[in-house]
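I would like the entire structure built from these sequences, with the hints used as guidance.
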Amino acid sequence: MNVIFSIAMDAYSKKFAKKLKPFLDDRVFTVSEFIDFVNGLLKPLKICEVVVKGEIGEDIYINDKKGWAILNLIDEDGARLGCFAASYVIDRMGVDPEPGLEVKVSGYPEVRKNKGRFSFQVNRISLVGEGDLKKQFEILKKRLKEEGYFDPEKKQKISRFPEYIGLITSKGSDAEKDFITHLKNYGFRVLSYPSRVEGETAIDDIVAGIETFNKNFPELEAIVITRGGGSWESLQAFNSQEVVKKVFSSKIPIISGIGHENDLTLLDLVADERVSTPTDAGKFLSETWQEGEKLILESEKSLSVATGRLIRQVEKRFTEHAHFFRRKIERNFRMKEKGLEHLFSSLTDKIKNRINEFYSLEGEVKLHGYKIRNELKNNSEKVEQLNKNLKTSKIRWEKAIKNKLSEEEKKLNLSNPELKLTQGYSITKKKGEILKSVSDLSEGDLIETKLADGVAESRVEKDD
Amino acid sequence: MTKKDFDFTKAYEEIEEINEWFQKEEIDLEEALSKYERGMELIEKCKERLKKSKNKFEEIKEKYEASEEEDSS
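Protein chains in written order, with the numbering used here: chain B, 1 to 464; chain Y, 1 to 73.
Keep in mind that the hints were calculated from the coordinates and are not lab data.
Yeah, the Cβ is synthetic: ideal placement off N, Cα and C, and Gly gets one too.
Just so you know, not all the hints are guaranteed correct.
Unchecked claim - Cβ-Cβ distance ranges computed for the label pairs, FRET-style:
1) Y:ASP5 / B:GLY148: 43 to 53 Å
2) B:GLY40 / Y:GLU59: 30 to 40 Å
3) B:ALA11 / Y:ASN55: 48 to 58 Å
Here's what the structure looks like:
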């Protein structure tokens, strides 16, 4: 062990012992209390997690039923560390534990209460030597391949123009900068999950990143996991079974961009899309949009070409229709024209006939004209004679009527009662009525007697 | 950062469909007119989206906060 570290530990122990002493003075532990106390002292190592390197010893005990395994780590000095691991921890290593295999275990020490034995609780076990690492890698790769983790048909399709991107990489690293620079400005929205990318602890971060994105940001269109190049050993997180399984189960497609020279990492094999560097990851995404820009312009062009073609087609169809209609109209017109000609000629014939009729009538009129005029002349003479006769008769009749009238007048004058008065007759009236009998008179009646030259009033004195 | 305001991929796919439709032999004029208008509208929107090109960055600060919230509920 490092001398300076050893001295520092020594000083710390002394300081710590001083603080501990009052607590321990006169104290007697039960066995159980004591083991708990020792485990308490070891707790800082549990919180920090310790990594121990060694060779797997001869005695390996795996209890498949109960799901755990016991093995020993030994070193050249003959030191021995009993290790207790759950079977899934052994399984994650990717290879079966064999004596002589050089490994690194991370976990914490504790005293097993029931056995009273000091033991190392293993959280993760991984190979150390490059040769073994390669071997582990090949075995794990083969197994995962057989289990279908790398099947091309199981890969998810990345949206054609991804916009909302999750990023898992080391914060402030060159990888992050390279990725962002090559993204270019296409309106990406990048949500980053800072992660360690080297060593065993990177596995936890990467797995947690994928989990967080899937759980809380399912609308992400892709997750980019990227880091710059490094040694084979430094890229072990990307060859871990845990990362492979998490990537495989992610609902969001995953793009791997791990810088490496030769072999692909297992992440590359399981990812839905792989590129070789952070720069390429940025380029991969920005190129989709570059292509999009081009495609939009092409689409616009092809749409206008298509509509242009359509317009020409329609124009052609219109012209065809126009020809067709014109021909039809012309034919109709010609037919009507013929009909009209026919009608016209029949009309002309009729008019001609009428004119002829008129001419013949006129001839007849001319022929009979003289006769008619003569007739008219003769008749007028007759009328004149008749008129004269009428006038003569009128004068004669007038004279006769006059004479008759004066005769009648004379006769009338003779019978006039007034004339009788002059001859001595009188007219007697009572109350305006002419009296014709004495019986109409009574004593005292007032009577009027009209004579030729006046009226005398008298009263009846005596009634006989 | 939540949902997208405009889905470029979806819009482009619709533009592609429209362009394909126009390759048909027999085209209905009414439909062609509305497809053309829709296509041009989408193209304009896509162009508009391409103009808004500044990238936005956000970081998840509290690593396990979201999942812890989820667990406690």
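The hints, checked one at a time:
| no. | hint | verdict |
| --- | --- | --- |
| 1 | Y:ASP5 / B:GLY148: 43 to 53 Å | violated, 38 Å |
| 2 | B:GLY40 / Y:GLU59: 30 to 40 Å | holds, 37 Å |
| 3 | B:ALA11 / Y:ASN55: 48 to 58 Å | holds, 52 Å |
The structure is inconsistent with hint 1 alone, although it conforms to all the rest.
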